[in-house]
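Sequences are here, hints too, so could you generate the full structure?
Below, each chain spelled out in residue letters.
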Amino acid sequence: MVAGLIAGFARLMSGAVATWHVQPHSDRVRIYFANHSSHADFATIWAALPADVRARTRPVAAADYWQRSRLRRYLAAEVFRAVLIDRAGGGPAATEQMAAALRAGHSLIIFPEGTRGDGRVIAPFRSGLYHLAVAVPEAELIPVRLVNLNRVLPKGEAIPVPVIARLTFGAPIGLEEGESKESLLARAHAAVVALDERAKADRDMS
Amino acid sequence: MSNLSDPVFQQLLGGIFAALALGTIAGQLLKRRARSEDARATVANMNQRIKAWWVMCAIFAVAVLTGGIGSIILFALLSFLALREFITLVDSGRGDHRALLIAFFLALPAQYVLVAIGWYGLFSILIPVYAFLLIPGVLAVVGETENFLQRTATIQWGLAICVYAISHAPALLFLDIPGYDGREALLLFYLVLVVQLSDVLQYIFGKLFGRHKIAPRVSPNKTWEGFVGGVACATAIGTALWWATPFDPLEAAMMSLLIALVGFLGGLVMAAIKRDRGVKDYGALIPGHGGVLDRIDSLTFAAPVFFHVTRFFFQ
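Chains as they are written, first to last, in this note's numbering: chain Y, 35 to 240; chain V, 916 to 1230.
You may find that some hints are simply not true.
To be verified - No farther apart than 20 Å at their CA atoms in a straight line, the calculated lysine to aspartate or glutamate pairs in the DMTMM-like style are these: (1) 189/Y x 86/Y; (2) 189/Y x 1196/V; (3) 189/Y x 1059/V; (4) 189/Y x 1061/V.
No lab work stands behind these hints, which were simulated from the structure alone.
Okay, structure coming up:
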């Protein structure tokens, strides 16, 4: 109920138009990985998912941020059911936490840049995505590209401006046999970058 | 306050829905006739537009029939959607965020509150004076100086077109025209009817007879044949409806001609902005038509001119 309302509000404010290059439903768990420029990012992705998929999808977020107030704790635990990662704790523990959620049948939303950018340049991806792909090979890696979210709610602002956002869900990229960390991260990064070119081409042609 | 019992309203609504029914039937006949791929695409788009017209007419009719407040809420919502499409299309950055918050959440609601309470004096200067000065003021306080003038002008222009200009349509409701008591909602109806008819008729005449393009770089669909036929026809219909207005037939002719001509300029200007930004439509909210701003581009120009001419000569 609360989740449905929040999802509706997020869709209204971001006006988000979602494009899917992959079926929204899948038998396999998924790792949605996206570029990050706004606090509104994960709510936008989460709100764009069909309700039944959304119910099985959890965002990965920083524990220190989401445990700072009662409201945040409530939202993180009860509404978004976030997988809260201790940023100071280091990689292996975090990977194990995320892998456990995937093995329990939950899909994840992650932002492999690790921090919010300015919306123009996508920073190199951190290695967590690779370790997770190795730990849970059955998970599908779905690139997601967010456009205009940095204009809806830029870093340091509290009230969103209702600029229309776009998000594109791309085709899955798989971890190849014996693929190196650098190679997978580069391909994942390129996949997210490429989705904007496609969104742009669609717009110009229509 | 209900306009449903007004026989003039009943006749206008009856006429509009009869015309839509005719259009729907014609569309279905054309669908069977269309042979080539091109013709089929044109007819499909036309039928999509007609379908959207049913929805838009129904929403507009309900808004006007509920009296003043329904129309004001509808136009406030249109302003919001239009401003959102406009701002999405331009390049706004982090330094613009606070100014945009003021545009969306202060200037826009305030303008429509002024329409609702009928405070003409402040209504007419809120955006041209106060928002005009406040927007660059806020941008300067935030402190981003890159492209300062361009960013200021863009936000001001968006507010002027999407909020200030459009708000003149529901503002017709607070005009006080002698001998036309309480029926000002009909004027709003008349304005929107003539503007939209002019658009539709220009489209139809252009499709049927269009040869010579008016401004090919701005809008490939606007032709002299479409313009002359559409404006003449819309003026003729606007004249024929003089009995629903406070105008005599000659005045109604001049008013509807004015609405059609200014509306045409509006459509052309808004198309030029789209070309500059490299898009075909402002949005995708209305199937077949594009965004809200694509549908009301002519109205943004026609509304303030019609409002002031009516106010000057008839109040």
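Verification of the supplied hints:
no., hint, in the structure
1, 189/Y x 86/Y, "violated (31 Å)"
2, 189/Y x 1196/V, "violated (30 Å)"
3, 189/Y x 1059/V, "holds (15 Å)"
4, 189/Y x 1061/V, "holds (19 Å)"
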